[in-house]
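Engineer: Chains as they are written, first to last, in this note's numbering: chain B, 1 to 229; chain H, 1 to 359; chain E, 1 to 319.
Calculated from the structure, these hints are not laboratory results.
Yeah, the Cβ is synthetic: ideal placement off N, Cα and C, and Gly gets one too.
Careful, some of the hints might be misleading.
Result set (BS3-like, lysine-lysine): computed pairs, CA atoms no more than 30 Å apart in a straight line [claimed, not checked]:
hint, chain 1, residue 1, chain 2, residue 2
1, B, Lys13, E, Lys230
2, H, Lys349, B, Lys150
3, H, Lys5, B, Lys150
4, B, Lys150, H, Lys71
5, H, Lys173, B, Lys150
Where chain B lies over chain E, by a calculated footprint (3+ residues, C-beta under 8 Å) [as the list claims (entries may be wrong)]:
hint, segment
6, 199-205
7, 297-303
Each chain, written out:
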Amino acid sequence: MQELWEGLVQAVKLVVSLDPEVIEISVRSLYVSAAAILIAAAICIPVGGLINFHDFRGKRVLINVIQTFYSLPTVVVGLFVFLFISRAGPLGGMGLLFTPGAIILGQVILIMPILTGMTISALSGVDRSIRDTALGAGASQSQAIWTIIKEARFAVVGAVILGFGRAISEVGAAMMLGGNIRGFTRVLTTAISLYTQEGELVLSLALGIILIGIATVINVVVNILLQRY
Amino acid sequence: MAFLKLVNLEQRAGDKFLLRNINLEIEKSELFVIIGPTGSGKTTLLRLIDLLDHPSSGNIYIDGLNATALKGDPIDMRRKMAIVFQKPVVFNGTVFENIAYPLKMRGLKTKEIKPRVHSLLDTIGLSGYGRRKARTLSGGEAQRVALARAVIADPELLLLDEPTANLDPHSVKLIEEMVKAFNKSRGVTVVMATHDMQQGQRLASRAGVLMQGELVQVGNPAAIFQSPDSARVAGFVGMQNVYRGRIVASESGIASVQVDESVIDVVSDLEVGKAVDVFVRPEDVVLSLSGTTGSARNKLQGVITAIHITGPLSMVIVDCGLVLEVLVTGKSVEEMGLKMGLEIFCSFKAAAVKVLPVK
Amino acid sequence: MAKIFKQFALPALTILILLSMVAGCTPAGQAAENKSAQTQSFATRFKIATTTSLNDTGLWDYLTPVFEKKFNTALDVVAAGTGAALDYGKRGDVDAVTVHDPAAEAQFISDGYGINKRSFAFNYFIVVGPAADPAGIKGLLPEDAFKKIYAGGVADAAKVKFVSRGDNSGTYAKEKLIWQAAGFNYPDVEKSGKWYIEAGKGMGPSLVMASEQGAYILTDVSTFLAYGSKLNLIPVVESGQIFLNVYDAIAINPAKVTTAKMLPMANNFINWLISDDVQNLIATYGVDKYDKPLFSPMKGGGCKDPGCPKVEDYTVPVN
């Protein structure tokens with residue numbers, strides 16, 4: 001328990017002194033997960049819209065499958081992607097393994113189910129009359145879908161924040177796909193894992209506190225923006 | 001050709017018919033009202049006309065074009081129309097954004113949108129509300145915004161689905177006036193659904209009665225009100241005293257109809273022996289404590305079985321062989337000391353009785 | 001007040017996101033790059049997989065900037081047990097490996113995956129354990145010590161414990177060799193009771209675990225020294241021929257692993273490791289912190305035990 005207090009003190013020291021390595025790791029964590037959420041959102045929000053507004057055979061089954069993948073184990077995702085992007089694998093030519101790009105890829109795949117499924121949830125919660133009014137007011141089908149997404153934006157942004165949180169806190173995929181290479185693919189979670197195993201508990205705690213701090217700040221900022229718009 | 005033409009329109013849900021045999025022609029700039037009880041298919045019909053749904057069979061012609069035959073997303077046709085629903089629907093965002101929405105969807109620039117929105121805000125009596133969050137408006141205010149949103153893009157056809165059904169009397173009045181004004185000033189063809197007979201009479205030059213998915217009578221609202229052409233319509237337009245009987249005597253234009261054990265004199269040329277439906281309006285029946293007043297041909301004696309107070313008026317149920325519903329003012333109830341169990345005389349003119357032969 | 005804050009929020013968020021994306025170019029980012037072992041701005045990147053004991057001692061953190069400066073190429077070091085490192089090599093995910101399991105390496109090379117093996121450093125294994133030495137093995141030979149640990153653990157798992165790497169590492173391979181030399185059938189040892197703990201972790205973390213559990217553990221002396229202050233363990237068995245631990249660097253053979261395309265750089269890497277300059281660096285690594293070097297360079301013939309590699313194996317450059 002003494003370590004908790006020491007960890008807090010250490011965390012403050014590291015942040016205030018702008019310790020270069022901690023900054024480097026934190027910025028990388030942010031960058032990787034931000035890229036992952038942006039890519040995933042760009043794909044999954046429209047796809048979620050399409051799935052929600054079209055009826056087709058097996059729609060129920062598809063939605064169930066998506067929801068099952070909400071809690072994909074991160075190591076499993078890491079393993080699958082590893083097999084694909086290893087130089088011995090089908091996508092080996094891209095040379096992605098052990099680069100930040102590999103981590104981004106892994107995190108995108110990890111959070112796609114959440115983003116898609118929760119977008120569908122959010123949109124189905126919007127009253128049908130909104131869609132009818134939008135169409136009746138002269139919107140095209142895609143304009144109407146976008147209008148409904150805006151109506152559901154609190155829920156959709158909630159899904160985005162959740163996805164970002166999952167991405168920045170996962171360690172399985174980052175470890176397997178990035179290799180925890182110092183100065184290149186080390187992120188907050190893999191660093192915490194390493195330092196804990198090495199017995200550097202205070203440093204781990206400090207990094208953990210910083211990680212939580214980052215997630216909180218993002219959350220608060222996004223919510224403020226939401227209120228404004 | 002008429003501006004809006006519905007030909008043999010039919011809508012099914014599984015085995016059930018939601019709409020059947022709908023044939024209707026509405027002229028440009030008409031204000032046409034569709035009257036019918038809840039569940040009669042009014043919303044279904046309006047949704048079909050707005051191309052939100054596709055009919056099981058039949059065709060809809062708008063300004064000469066067969067709208068039902070259009071392939072793909074009929075967006076150009078949809079943009080000629082606008083619809084306002086019963087529950088006021090507003091988007092997240094400001095009042096300005098709501099009203100501007102149709103113009104934005106059509107790609108207009110803010111420069112062009114701004115003056116149009118503001119002038120409409122004045123028209124609907126919500127000047128200065130531009131920045132308000134639309135979701136904070138009252139029902140009446142929101143419905144005015146919905147109406148403004150519907151007309152801002154100058155639609156040729158305005159569809160209204162019971163727009164005042166959930167509003168307070170003041171808002172109802174405002175909306176009705178706006179609809180009338182838009183129809184007159186912009187020449188918009190209006191098709192409005194309502195279950196309120198009086199509203200139909202106030203607004204429309206022509207009305208159609210929709211019951212159980214079928215258009216049972218089309219014509220001037222006042223005429224429908226006075227002369228419903230079937231028992232069904234009669235019941236809907238408020239003729240609550242409907243009886244079936246047989247003509248047992250006829251002399252110089254006055255026929256006597258036997259209904260159960262009572263005989264009613266009516267104005268009719270139908271021959272003796274014919275089965276008929278007779279209707280009397282509750283407000284055409286006069287109550288008196290003694291049977292001596294009045295020159296009405298029909299005087300029935302009975303007992304009051306119930307009194308229902310509905311605002312300033314009261315409905316008195318009298319059992320005189322037939323069960324008569326009589327509409328009187330609250331004052332009369334007081335003055336005559338009407339109460340349950342009281343013996344009373346009901347009288348009504350022969351001319352007040354509507355007679356329809358049973359088909 | 002709140003309004004002004006809100007007005008700043010969107011620009012602030014945008015800046016935050018942009019900042020994170022150009023991290024390498026900011027002053028703080030530059031400082032980080034100067035201090036940390038690798039940088040992100042090299043045109044080419046050369047990947048190696050290393051056994052954890054080389055990594056956990058910080059040797060790679062120490063040597064990497066030297067390599068990067070000399071060859072203007074980034075050195076990406078992925079730490080894994082010897083087995084995993086060799087696997088990365090087989091898949092072509094790395095271009096060279098630095099490991100310490102002679103038997104596995106021999107197989108690796110005879111299967112055609114690896115070429116140009118050179119030995120570049122050595123040290124010794126030792127057995128460390130709790131100061132109280134509950135199994136009473138201080139000063140014994142490795143094989144005898146293991147026998148006593150086994151007996152003590154089977155008798156009372158709460159008193160005598162042993163942490164094994166339990167992964168495919170060179171250390172684990174050495175441990176199994178010692179059990180064999182002591183006359184045991186290894187699978188029997190593995191299943192014999194709760195006293196035998198398989199960590200599944202790298203050398204450093206396994207030491208930490210042994211320290212917390214009050215257990216014995218086989219470790220290379222360098223990692224133990226590097227972790228010394230964090231551990232409640234002392235060396236108990238320090239000599240024995242079987243303890244020799246030689247570190248080898250092997251290049252991945254493009255003829256067999258067609259996706260490995262950096263053989264020239266791998267050769268550079270290996271030659272660099274056995275060059276005089278780097279051998280001197282290895283000879284002095286850790287002296288300032290631990291009063292003695294953590295590793296011994298192969299050059300200069302310092303390795304005198306029977307298991308030591310032949311001279312050609314550590315002096316002749318590869319091509």
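Engineer: Hints broken by the structure, by number, lowest first?
Structural biologist: Hints 2, 3, 5, 7 not satisfied by this model.
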